[in-house]
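Work out the full structure, taking the sequences as your base and the hints as a guide.
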Amino acid sequence: MSMEDYDFLFKIVLIGNAGVGKTCLVRRFTQGLFPPGQGATIGVDFMIKTVEINGEKVKLQIWDTAGQERFRSITQSYYRSANALILTYDITCEESFRCLPEWLREIEQYASNKVITVLVGNKIDLAERREVSQQRAEEFSEAQDMYYLETSAKESDNVEKLFLDLACRLISEARQNTLVNNVSSPLPGEGKSISYLTCCNFN
Amino acid sequence: MGDLESSQKLSGVSRPAEGVGGGSCTEISTELIRSLTELQELEAVYERLCGEEKVVERELDALLEQQNTIESKMVTLHRMGPNLQLIEGDAKQLAGMITFTCNLAENVSSKVRQLDLAKNRLYQAIQRADDILDLKFCMDGVRSALRSEDYEQAAAHIHRYLCLDKSVIELSRQGQEGSMIDANLKLLQEAEQRLKAIVAEKFAIATKEGDLPQVERFFKIFPLLGLHEEGLSKFSEYLCKQVASKAEENLLLVLRSDMSDRRAAVIFADTLTLLFEGIARIVETHQPIVETYYGLGRLYTLIKYLQVECDRQVEKVVDKFTKQRDYQQQFRLVQNNLRNSAPEKIEPRELDPILTEVTLMNARSELYLRFLRKRISSDFEVGDSMASEEVKQEHQKCLDKLLNNCLLSCTMQELIGYYITMEEYFMRETVNKAVALDTYEKGQLTSSMVDDVFYIVKKCIGRALSSSNIDCLCAMINLATRELEADFRGVLSNKLRMGFPATTLQDIQRGVTSAVNIMHSSLQQGKFDTKGIESTDEAKLSFLVTLNNVEVCSENISTLKKTLESDCTKLFSQGIGGEQAQAKFDSCLSDLAAVSNKFRDLLQEGLAELSSTAVKPQVQPWINTFLSVSHNIEEEEFNDYEANDPWVQQFILNLEQQMSEFKASLSPVIYDSLTSLLTSLVAVELEKVVLKSSFNRLGGLQFDKELRSLIAYLTTVTTWTIRDKFARLSQMATILNLERVTEILDYWGANSGPLTWRLTPAEVRQVLALRIDFRHEDIKRLRL
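The listed protein sequences derive, respectively, from chains L and D. So in the UniProt record's numbering, spot 82 of the first sequence is number 82, and the numbers just go up one at a time. So in the UniProt record's numbering, spot 714 of the second sequence is number 714, and the numbers just go up one at a time.
What the hints contain is simulated information worked out from the structure, not anything from laboratory work. In this text, a Cβ means the ideal position worked out from N, Cα and C, and glycines have one as well. What you were told as hints is all true, and nothing was included just to trick you.
A short list of chain L residues far from chain D (calculated; beta carbon distances all over 10 Å):
id, residue
1, D7
2, Q31
3, F34
4, K57
5, I107
6, D125
7, E142
8, Q144
9, L164
10, T178
Between beta-carbon pairs, the in silico distance windows are:
id, chain 1, residue 1, chain 2, residue 2, range
11, D, T536, L, D145, 46 to 52 Å
12, D, R281, L, A40, 28 to 34 Å
13, D, G295, L, A40, 31 to 37 Å
14, L, D7, D, D567, 29 to 35 Å
15, D, T536, L, N113, 35 to 41 Å
16, L, K161, D, I289, 56 to 62 Å
17, D, D567, L, N113, 30 to 36 Å
18, L, D7, D, Y713, 43 to 49 Å
19, L, D7, D, S573, 32 to 38 Å
20, D, Q214, L, E102, 56 to 62 Å
21, L, E102, D, P288, 50 to 56 Å
Here's what the structure looks like:
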């Protein structure tokens, strides 16, 4: 591990209804491509991109999951180890927005409680066909305490920003965690914790 | 002008001379000189003029020096004159000759070109004549061939006619026999239509009768008539019917089969296998005909048609499977069980056969789809060897679409989706059972659940692997990671948290308060069971066994990772799961491997607990008895100590007794860690009591002897050197052994030699002060 050339490693999992553009967002970010006529993802796809943020190498492991129902049990198994989830919907598809509470339930059930969730409204290049207003989405994300961003994988709008902002937040979160861990080792076990701690004295 | 002059006058800057070759002279006009009135200015101008004169002189000299060389060059040039005139004449003559030759060549070649043209036209004329003859031949041939029912011959004639250049037919119409040819052409077209009808009809009859030779005979004729698509579609219709009848037969057999049969548990997987094998055999058998008569790149079309039938049959088989095995119902029950809202619990063992069957079904499908992909892409590859990149990509897309979107793929994905949830349930429930039925046999280091749990996890991942579906495998690895890291580690961690019970003797020593504390803390954790009170020995053993379990878990996870890695290399070498498969697998596996470290951390926590609750409370009183042994002694007592050891022998004996208890019931690795903790503890605690004692010269010597025996003993029970841990104590013994205070300087600073002092100067003084025979002032006076 230490031989590898990076300072941070984060796992990001994209979830959301089928056809909202998860694969296109990932392709745009990792390869700079917008492949038209993209077929439905099967199972999960896996991409790696290393970015530099304030001089630190950050390796992003991006898991692009299939939106179709029949892959749900596969995709759910990836939630637990994710550092961040990108919950995506299509601004031109009311249905994909209406499914968000269901996705949030899944996150609640399977993801770690420390996970960072970002809500993304994709396809803003199709503004004339918009069905979900920005205000509505913002209100929703605020109520759920999520960061919200609108993107276009096709026009490359906000795609870099989405991943880089997320990487920044993950870094500061990771820093905070190590800080907390150093101050007091969070060992469980009420009365016994004292005896656990004394081990430091004679090592 | 006046402005310019005045500015020059003032600044004394001069303009560069124009027209004077290469000279750096300035032109100072006479007017300028005349206009000067000041002596100073005049002198300045004069000086500059003098300077310029010198420069000009130098240049002139240089030019004059060149005169000789220039003159000699002129002479040679004059001499070359006549020669040049000669050359010019020759050149003119040569040019004339070249022009002449050129004209001649032009003349000759134009004639050759004309000849060539004539020859080409002649060939074309012959070709046309041939074509026209062919046409006539075709017309006659088709009629006679049709009459004699030689359809191959007739089709060959029609094929020849279809291949003819349309302009030839136009030309022949315009000829003298135009009307006759027209009539013949009409006949030919009629013959073509008739032949098409006949072939279609005969093919239909042949398929109806299942007459394979006839079917193949007419199948070969379609492409001759330009009916590739139709031929393939009709032929596959025939093949599909065969597939369907065979599949229905097989399915009927399944429904009537004996459920006690050896293969009964995987009968649906077997049925699918038969279906796939049948189709594969068809592809294998007919690929050569298609390649020969329809050309390369047509296999895709044939398989596209066949896959439709395959999907239809798969749907039937899976439908029957779902019904007969109650697959959906089982899945729903499992789902409810996982959500803890089930009225009835499913026995995980009951799921075992169905899970195995589903993975087998998927493995067969993957194998079949891989076969199709290989066949089609190699057919495309050969066919597209000259094609553009776009065509190749288009073909690749078609292939992906066919195989990814076919009903077979979707159905299997659905089944696997359910499978993963059910396998997760199977794993979790079986692990819970193994934990509940945990037993410990005397003489063993670990208890049964560790082996059981890893057997289960290995079995579940192995089954997922046997589905040949990488996503399914990765999902199961993720779920196993969760099971081990959260659930099973939780079980072991809870057991360790119950603590290592203190012995009764210690309870008395520590007084009632601590006993109450122990009971209180165990009450808080809800682990206060009668068994715990009944036998502290059992609780002690349970703690030690759990420590061993934790260590073995950590080992087992590493082993599991290695085993999976080697199991999968075979899978990846077959190219299963696309290019990312390996990366996905590696990532999931490294998460699993990381759990090994979490178990290691847990082991450290447990060891620290053991050391602080079991080792330290025992060892501390033994060390404290050191204080009751006087180290302020005379010769006589020193000799008496020699015979009747006052402290260290008993201490070593106690340590040995205590550690032997652990040595028997802990794994060597854990025992080593524990002895390491013990030696550290002894070093720290002994240092404390030494600093509370007082010594004289012989007492110091006595302590040195005691320390040496202790270190010698501890060296025998640890596998690594402990010298380092006792470095401070050894140095203290050295100080306590000194003759005089100043003797310390023989060992200190520049005289320390290879010795590195672990004691600070203040500590050295503190230790020196323990010697009652050393004077305070002497110690104070020391310069350290």
